[in-house]
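Visitor: Sequence:
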Amino acid sequence: MAKACFDKAIDLLSRRTHFRRELSSKLASRGYESDEVADAIERLASLGYLDDRQATEQFARQKLARGPVGRRRLLADLLRRGAPEEDASAVLDELMPQDDREAALTAAQRSRHRDNPEAAARYLQRQGFSRRAIFFVLEELKSLSQSQGAEAGNE
Numbered sequence: 014m015a016k017a018c019f020d021k022a023i024d025l026l027s028r029r030t031h032f033r034r035e036l037s038s039k040l041a042s043r044g045y046e047s048d049e050v051a052d053a054i055e056r057l058a059s060l061g062y063l064d065d066r067q068a069t070e071q072f073a074r075q076k077l078a079r080g081p082v083g084r085r086r087l088l089a090d091l092l093r094r095g096a097p098e099e100d101a102s103a104v105l106d107e108l109m110p111q112d113d114r115e116a117a118l119t120a121a122q123r124s125r126h127r128d129n130p131e132a133a134a135r136y137l138q139r140q141g142f143s144r145r146a147i148f149f150v151l152e153e154l155k156s157l158s159q160s161q162g163a164e165a166g167n168e
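The sequence shown begins at 14 in the numbering used here and counts up by one.
Be aware that one or more of the hints could be misleading.
[Said to hold, decoys possible] Think about it this way: if two alpha-carbon atoms lie no more than 27 angstroms apart in a straight line, the pair counts; the simulated DSS-like pairs of lysine-lysine are:
1) Lys-21 with Lys-39
2) Lys-16 with Lys-39
3) Lys-76 with Lys-39
In case anyone wonders, no lab produced these hints; they're calculated from the structure. Only a predicted model underlies this, so the values are computations on that prediction, with no experimental measurement involved.
Given these sequences and hints, build the entire structure.
Guide: Here it is as structure tokens:
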């Protein structure tokens, strides 16, 4: 049965990258014994097919490529999927700027909430942006709204 567990793990990895904890959980939920799962995980790791740091970076890059997202949200997504906290923090330090104001502004401008400050703030909070970034965006949206109102009055 140990070979079957390893084969199933390979099958799951052929579909997408997994974290060690995530793959262990999937194998256990399919009825494999914990010793078999542990052996399969260690074998895959020793062969270079299972690397939490690489999986963390790949997942984070894919999420960021889809559009701006806050650090807190991305960290929570990584941890929920099974990324080790130290890998997740290190990868986010490498890939994301400490100042998330510009990303938050981009996210707000792309959202359907850009004309409603309260809704924009809730949206940005759900996306995991810092309070500092949310306040910055609200001020920017307010300034933009006021300047557009002034332009409309001049026409």
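Visitor: Straight-line Cα separation of Lys-76 and Lys-39 no greater than 27 angstroms?
Guide: 22 angstroms, holds
Visitor: Does the alpha-carbon distance linking Lys-16 and Lys-39 stay inside the 27 angstroms limit?
Guide: Answer holds: Lys-16 to Lys-39 is near 16 angstroms, not above 27 angstroms.
Visitor: Would you check the hint for Lys-21 and Lys-39, treating anything up to 27 angstroms between C-alpha atoms as holding?
Guide: 10 angstroms, holds
Going through the hint list in order, the structure satisfies each hint without exception.
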